[in-house]
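Number of protein chains: 2
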Amino acid sequence: MKFLRVDMKTKTVKTEDVPPAYRGLGGRGLTSILVNDEVPPGCDPLGPENRMVFAPGLLTGTALVNTSRISIGAKSPLTGGIKESNVGGTVPAALGKLGITAVVVEGQAPEGELYVLRIDARGEAALEAANECKGMRTYALVEKLLGTYGEKNGVLCIGPAGEFLMSSASIQSSDADGRPCRAAGRGGLGAVMGSKGLKALVVDLTGKSPDALADPEAFKEQAKAFAEILRKNPFTGQMMPALGTAGLVSAVNSLGAFPSYNATQGTLEGWEKVSGEALAQMIQDRGGKTSHMGCTQCILHCSNDFVDEKGGFVTSSLEYETIWSMGGMTGIVDLDAIARLDRLADDIGLDTMNTGVALAVAMDAGYRPFGDAEAALEMMEEIGRGTDMGKILGNGPAAVGKHFNHHRVPVVKNQSIAAYDPRGMQGNGVTYATSPMGADHTAGNLVGQYLGRALDPLSPEGQVEASRNAQIAMAALDCTGICLLAGTVLGNPKVLDVFLKLIAAKTGEDIDAKGWGDMGIRVLKAERAFNRNAGFTSRDDRLPEFFREEPLPPHNKTFLVPDEELDSIFDF
Amino acid sequence: MKFLRVDMKTKTVKTEDVPPAYRGLGGRGLTSILVNDEVPPGCDPLGPENRMVFAPGLLTGTALVNTSRISIGAKSPLTGGIKESNVGGTVPAALGKLGITAVVVEGQAPEGELYVLRIDARGEAALEAANECKGMRTYALVEKLLGTYGEKNGVLCIGPAGEFLMSSASIQSSDADGRPCRAAGRGGLGAVMGSKGLKALVVDLTGKSPDALADPEAFKEQAKAFAEILRKNPFTGQMMPALGTAGLVSAVNSLGAFPSYNATQGTLEGWEKVSGEALAQMIQDRGGKTSHMGCTQCILHCSNDFVDEKGGFVTSSLEYETIWSMGGMTGIVDLDAIARLDRLADDIGLDTMNTGVALAVAMDAGYRPFGDAEAALEMMEEIGRGTDMGKILGNGPAAVGKHFNHHRVPVVKNQSIAAYDPRGMQGNGVTYATSPMGADHTAGNLVGQYLGRALDPLSPEGQVEASRNAQIAMAALDCTGICLLAGTVLGNPKVLDVFLKLIAAKTGEDIDAKGWGDMGIRVLKAERAFNRNAGFTSRDDRLPEFFREEPLPPHNKTFLVPDEELDSIFDF
Chain A
2 MKFLRVDMKT KTVKTEDVPP AYRGLGGRGL TSILVNDEVP PGCDPLGPEN
52 RMVFAPGLLT GTALVNTSRI SIGAKSPLTG GIKESNVGGT VPAALGKLGI
102 TAVVVEGQAP EGELYVLRID ARGEAALEAA NECKGMRTYA LVEKLLGTYG
152 EKNGVLCIGP AGEFLMSSAS IQSSDADGRP CRAAGRGGLG AVMGSKGLKA
202 LVVDLTGKSP DALADPEAFK EQAKAFAEIL RKNPFTGQMM PALGTAGLVS
252 AVNSLGAFPS YNATQGTLEG WEKVSGEALA QMIQDRGGKT SHMGCTQCIL
302 HCSNDFVDEK GGFVTSSLEY ETIWSMGGMT GIVDLDAIAR LDRLADDIGL
352 DTMNTGVALA VAMDAGYRPF GDAEAALEMM EEIGRGTDMG KILGNGPAAV
402 GKHFNHHRVP VVKNQSIAAY DPRGMQGNGV TYATSPMGAD HTAGNLVGQY
452 LGRALDPLSP EGQVEASRNA QIAMAALDCT GICLLAGTVL GNPKVLDVFL
502 KLIAAKTGED IDAKGWGDMG IRVLKAERAF NRNAGFTSRD DRLPEFFREE
552 PLPPHNKTFL VPDEELDSIF DF
Chain B
2 MKFLRVDMKT KTVKTEDVPP AYRGLGGRGL TSILVNDEVP PGCDPLGPEN
52 RMVFAPGLLT GTALVNTSRI SIGAKSPLTG GIKESNVGGT VPAALGKLGI
102 TAVVVEGQAP EGELYVLRID ARGEAALEAA NECKGMRTYA LVEKLLGTYG
152 EKNGVLCIGP AGEFLMSSAS IQSSDADGRP CRAAGRGGLG AVMGSKGLKA
202 LVVDLTGKSP DALADPEAFK EQAKAFAEIL RKNPFTGQMM PALGTAGLVS
252 AVNSLGAFPS YNATQGTLEG WEKVSGEALA QMIQDRGGKT SHMGCTQCIL
302 HCSNDFVDEK GGFVTSSLEY ETIWSMGGMT GIVDLDAIAR LDRLADDIGL
352 DTMNTGVALA VAMDAGYRPF GDAEAALEMM EEIGRGTDMG KILGNGPAAV
402 GKHFNHHRVP VVKNQSIAAY DPRGMQGNGV TYATSPMGAD HTAGNLVGQY
452 LGRALDPLSP EGQVEASRNA QIAMAALDCT GICLLAGTVL GNPKVLDVFL
502 KLIAAKTGED IDAKGWGDMG IRVLKAERAF NRNAGFTSRD DRLPEFFREE
552 PLPPHNKTFL VPDEELDSIF DF
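Sequence order for the protein chains is A and B.
Using the numbering used here, read the first sequence as starting at 2 and increasing by one per residue.
Using the numbering used here, read the second sequence as starting at 2 and increasing by one per residue.
Bound-form chain A, shown alone (with noise of 0.2 angstroms):
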């Protein structure tokens, strides 16, 4: 149990004991708690005063299956408010093998100046000159960091996109075979990393110190517990392995709320050129991987490596989100383009997301045409050159959008929506408007919901109810280091009854449902605390006009929630 500090002026590193206020928090609660506590909520996010926190979940580090997974927390760039992307791979199991709760990230390097955060295996920390490092693609970044540092090492990382500090740029984590192609995306968090000088950390994967668990024998006992329930249900089981999140593509486009060419259809033409189905049957006649670990311990295999038709590797994991920003937005129904947009943003270091919604509003404002699969890659390369248009694109949707004056930006406190439209799940729509993080489908997915029929997401009957629930358990589940789909189980009350013992089995202390609940409340409050004493009102906390006032075909619906329950989502 113990945090580093880095301090990035003077470029040294102090280890602490965990400051009694964080005692018991992980990922997503120790990054916003910390944030709201430390930084001044009015600064810079690109100044010396913004810090960065690099947190483990609570259970990450231990035996449980799929807790590789660190929280990033920082003020945004791109939102203004408080921030927290997280991301799997290798590092966060590591970091959480060597007892290192959290890394906190402070002041900046001199201008020009680049380093990197070595984390050797007993868990020393150093700053190490890294200037030979600069405007690399992460890569050929990673490949040189593991060449140099050896190959059991994991690497978290900015690109270009970074350095350039742009509001879309991601923090890319390397996954188990050592490739760059996980991110945490959202927030602009890898321009924050790049204004402080930080082009990567680099982990030795070899620690062997994790803190202790208060009780082991339960701990095992219930891990294996849980790791059965993962493997014996049909979505963590069987749909993940089979065709990972791009699943979805069929389903979504089948309830007609999939944004496309802009959020202006519901329905993708030729979804089922880029669905789940088609996706795996290519990978699979080309000798690519279907099903993949891309982090640590995982035993989803939600991931998988994209080939091309000579079978060469292109990317991985093509993704639900991605296949949708990059291919639904923006009308490109061709899954090798959206293969290579994927692993340019990879390689620049850009959240898929933000930077597809961004070529779809360039489009839609007539900047290039839908559906131009080459007009999109070059917009990708303008982005990693850092072109006065590259950078307007880098800045995400909103930039563009005031770049062309085009009114019809899908975005939330500057960002982007995901691959569910708010007048098809009004639910998500909710927590679109109202999650701190700015718009953000990780903060509270009620697809599961609307797919099971528990919920018409048409009607906006008990949408904030429901997108309530789902943000603070999210809340909750991010501090714990389990992975999102993994954490779909826990709807279940007799699965998170084992998933508490887990935790009490770790920390010593009991928790039940109204625990769990209570910990997803306080990490709301912090965060919904700072952006307040940022500047934000219950203005902030609405969709564009244009969803409320733009019917989505095919069900011919608007956003119908009202402003005023909207803003009782919060009256905890």
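None of these hints come from the bench; they were simulated from the model.
Each hint should be verified, as a subset may be incorrect.
Pairs involving identical chains hold if they fit within one copy or between any two copies, as the list cannot separate such chains.
[To be verified] Below 25 angstroms or equal to it, Euclidean Cα-Cα: the simulated SDA-like pairs (lysine to any residue) are:
no. : residue 1 : residue 2
1   : Lys10     : Ala366
2   : Lys135    : Asn406
3   : Lys225    : His302
4   : Lys526    : Ser569
5   : Lys10     : Glu546
6   : Lys311    : Asp8
7   : Lys12     : His408
8   : Lys12     : Gly148
Chain A is already provided as a structure; the job is to place chain B on it using the hints.
Just chain B now, kept in the frame of chain A:
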């Protein structure tokens, strides 16, 4: 007393009696209260829901000198809040003489269509197609329009910047010589006009149906007295005709409060070369006009005609704020270059202040060197062509700062400060921070008090009170149509008394000093209400951090007024 309601969608103009709620209001009082009543605070400033109000002052159209002044109001695309920008020229008096209390422009013309609103000598109005004016700069445009409609017309119009919907776009007003050289510059209202598809208002100057005066005899007597006061006052009667507003260059440099090189210095190296004295000498030597009547009924003649070495007309009027923004902020100590930049700004239709500061931020970020006049002229032409970089520059300092990730951006609510540094004139900093208009010297300028040693410019003491009183007085003054420079005499209670008698003789309702203050407070309250409903909080009433962190030479002071004091300013 009538409203013209112009619907750009249906291309119809309706005449209606002034609605009871707006009777007795004029100028900024009318625009702000109407905008707060009729414009949805959350609307897109460049969308169909925004409304533009053109309202001459209460006394405009009467025989009182220096009252050809019109307020233009709308939601601002620059600040996102309410905006009033006022301008002189010939149209304001002409509208007053036609008995037109306000022109309210609603809706939007179909994309690609452009119109002129023609108001004839009987006060009848119609929209006329003007697609042939598309893209025209303002000098050529006004020449063309006066050719079509006759010399005895006045014009309010936009240039390419307004058509490009840039956030620094102005509305240019033709002067007594029929040149579009006076500007309602602030807040990007030219972009709002562009978004509506309205290229120009062309108003017949020969109208003779002003509203009746309640007491014509008393009005005549007090109007004569007021003109006499102006003629005898040293500032309005002597300094303005001699040096114009440029006389402030030497004074404010002496005070060390002239923001130079993007507000990194309080004194401009070589300010003597761009002082009012140098300007007057140069114009005189070349055979230009050092003094000139820009607006109908003006007796101050603050205007000038700047000519080149061969005596050819360049621009009118070269003013203090422009010498500062295009010269002081950019380090260009060359009146010929500044005059050409001013001419380009008028011709393209740009706020000289927001634009000069945008160039300065780009220079400070390293894009071009300080002092490089050719680079500045090229940047202006980029704006005029609407290139990618031109749009960024034309959207003002905040957009430029975002593009280059440069932290030193002297704006409040996205609008640039004026030629008085908040560190060298603390009270002007209070006005910039708290005015509902964004940073705006005309909202409450204390330079007169500092020059007269009535207030210490470097101490935080007493500044909030002084700014409050100035803001209330200006809000009231902006209702009347009296020009700001003439209004400087109202600080004397006996003179204010004369002025209040003029208002009473016009309206038939007595008004005392308290009623005068109440009028200002009513306006400020409406403006603050609009901004609050648009999502503004006390967070928005702040100067950028660098003013608190970077001391300004030569006094090496920072901005010292505490936040809590700022927040108390409108506790009416």
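Now the hints, each set against the structure:
no., hint, verdict
1, Lys10 to Ala366, "between (43 angstroms within a copy, 21 angstroms between copies)"
2, Lys135 to Asn406, "between (34 angstroms within a copy, 18 angstroms between copies)"
3, Lys225 to His302, "within (18 angstroms within a copy, 88 angstroms between copies)"
4, Lys526 to Ser569, "within (14 angstroms within a copy, 28 angstroms between copies)"
5, Lys10 to Glu546, "between (43 angstroms within a copy, 20 angstroms between copies)"
6, Lys311 to Asp8, "neither (47 angstroms within a copy, 61 angstroms between copies)"
7, Lys12 to His408, "between (45 angstroms within a copy, 23 angstroms between copies)"
8, Lys12 to Gly148, "within (24 angstroms within a copy, 69 angstroms between copies)"
Hint violations for this structure: number 6 only, all remaining hints satisfied.
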